[in-house]
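Novice: Going down the list, the protein sequences come from chains D and W.
Its first residue numbered 1, the first sequence is counted upward by one per residue in the UniProt record's numbering.
Its first residue numbered 1, the second sequence is counted upward by one per residue in the UniProt record's numbering.
Hints are computed from structural coordinates only; laboratory data are not their basis.
Keep in mind that a hint or two might mislead.
Partner residues are not named here, just some residues of chain W that face chain D (Cβ under 7 Å, in silico) [to be verified]: (1) T71; (2) Q100; (3) I104; (4) A106; (5) S165; (6) S167; (7) E188; (8) S191; (9) G193.
Since we're looking at a predicted model, the values are computed, not measured.
A virtual CB, placed ideally from N, CA and C, is assigned to each residue, including glycine.
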Amino acid sequence: MTRRHNKNSQDPIRNSLLQKSISAKKDEFGRSLSLSALILIGVVVFSIFFFVLSRGLMTFTLDHINPFNFIFGTVWNPTSPDANGNLQFGAMPMIVGSFLVTLLSALVATPFAIATSLFMVEIQPNWGKKIMQPVVELLVGIPSVVYGFIGLTVVVPFLRNIFGGSGFGILAGTIVLFVMILPTITSLTIDALKNVPNHYRESALAIGATRWQMIYKVILRAATPGILTAIVFGMARAFGEALAVQMVVGNAAIMPNGLMSSAATLTSVLTQGIGNTADGSVQNDVLWTLAMLLLIMSLFFNLIIGLIGKQTNISKGKR
Amino acid sequence: MRKNLTRIGIILIAVLALYYGSTHRSLTSNVVGSTQAKTKNILIVGSTALQPLAERAGSEYEKINKETSITVQGGGSGAGLTQVQAGSVQIGSSDIFAEQQSSIQAAKLSDHRVAVVGIAPVTNKDVTIKNLSMDQLRKIFTGEVKNWRDLGGPDLAITVVNRSSGSGTRTVFEKSVLAGQTALHAQEQDSNGTVQKIVASAPGSISYLSFGYITGANLNTISIDHVKPTQSNVETNKWKIWGYEHMYTHGKAEGETAKFIKYFQSKKIQSGIVKKLGYIPLAGMQVTKNSQGKVSGK
């Protein structure tokens, strides 16, 4: 009995088989590390939502501003009372401004992005990879304040000389955003095109399609969901962009009546106003409500991307 | 299953947020710390207009009092007032009276004025007008007059550039000029520096700047009712567009904070840095202004 026991405890092979190996311990440690990181991220996301929503809803719950009037009102006058002594909080000019610059810039950027990426993937892959790809990636990395500054010193005076007026406005904002989201859309479109399996190209060419027919009828069709995802990503970036737009859009909270009209976006009103208002005042609360609208919009964009991804889709890896 | 979990999560967040948002006035300003203790670190937060001045005065003070460290941050007048009310900073700087900011309990704060800032209308060089009446100026900023031709200038559309709503400079300007009328909805820029650049480059544009920023070749300073925007005219209130730079403390200023404010108001700083950076020293002022904008002799 005792002999056997001794034998057991001294048997190194048995011990090594029964105990956890070092690599198993490492495995466990890694798993718990990534799990705790995940939980931390979850808590942070939850807190952000909770914070922005609770602050944003104060406008309606504590300041008793009608949500309908807030969203559809067209007069934004948060600090100086009108003739009747009322402050007016109508966020429509900012909502319209945000959507206008976003949609217009996506509209202009998309054809450019598709053309560029077609060139890089289908027409001249070698040259594209060597020169165009680094250029596109470089453009993604430029900070938005640089784009804004270029907009302020180049685009705005240029527009002023052509169209007159101050030069600030929707068009200037669109141009700056166009340059900013172009690389985003382009690089995602490149991925979508590259994910189209090669036998699609080969089959199309084999049955006698020209290169243009192959691109137009097969590649673009097959990559459509991926391209749509790219466009929505670009729009999400444009919608949330604050600094660059604020520098060129003019920041007048009025309903825009033309491309040269000064306008304001949700982000530009937020960044300009947040330092000038005191915590707990109506003026501060309405800014939080604008932030809440932005958050909801970015959720909405995510939802769209998710929906597009769900469609049958080769660019997501089904080969 | 996963979908339901997400849905439940979203509903839970919304309900919680709604409950919290309807019961709590503010998430931050309820806490009052005991920052008035005799600390050697002074944190100044708020007005960006006062920021360069406070930084310079702070570093001068640090040279004399080696064990004190003074940190100056911007963030805007609203942020300054909020944070000093919450007790999270020693000094909250502001371009406007605490009474003018709703949700700030001004009675709990004490006001220390450290400088006077004069504000003057400026136009682009191509607007040849040098003088306007107060009434004409008001008509420009309420949008009643839209072309310089109607004021005796060139045939050029007027482009009004405002500061962001709620900014101290804009509040002072509108209080002195607009006489209660609503300002025109024009484009807004968030700093003196940006406004200066835009007015210097955009034809027919008009805005207002604090005296320290009126430099550069393409700017045209406007006199009002033939009074020039100068320091001596502000001191006698002949020039009506001016306001104070305030430093607010939570309750009475104590210890190092009180010493620093006293130093700021001393003759050395007032006639030195204050003047040099384009502000107007308090000592020379022959009038005072209260939070309602009423001016009385000193």
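Novice: Hint by hint, note whether the structure agrees.
Specialist: So, going through the hints one by one against the coordinates:
1. A cut of 7 Å between beta carbons decides the hint on T71 (chain W): the least distance to chain D is about 17 Å, and the hint is violated.
2. Interface hint status for Q100 (chain W): violated, as the beta-carbon distance to the closest one in chain D is roughly 10 Å, over 7 Å.
3. Here the hint on I104 (chain W) is kept, as its CB sits about 5 Å from the closest CB of chain D, short of 7 Å.
4. Hint status for A106 (chain W): violated, given a least beta-carbon distance of 11 Å to chain D, over 7 Å.
5. Nearest Cβ of chain D to the Cβ of S165 (chain W): about 4 Å, under the 7 Å cut. The hint holds.
6. At about 5 Å, the closest approach between the beta carbon of S167 (chain W) and any beta carbon in chain D falls short of 7 Å, and the interface hint on this residue holds.
7. At about 4 Å, the closest approach between the beta carbon of E188 (chain W) and any beta carbon in chain D falls short of 7 Å, and the interface hint on this residue holds.
8. Restraint check, S191 (chain W) versus chain D: the minimum CB separation of about 10 Å is more than 7 Å; hint violated.
9. Interface restraint check for G193 (chain W): the shortest CB-CB distance to chain D comes to about 12 Å, outside 7 Å, so the restraint is violated.
The structure shown violates the earlier hints numbered 1, 2, 4, 8 and 9.
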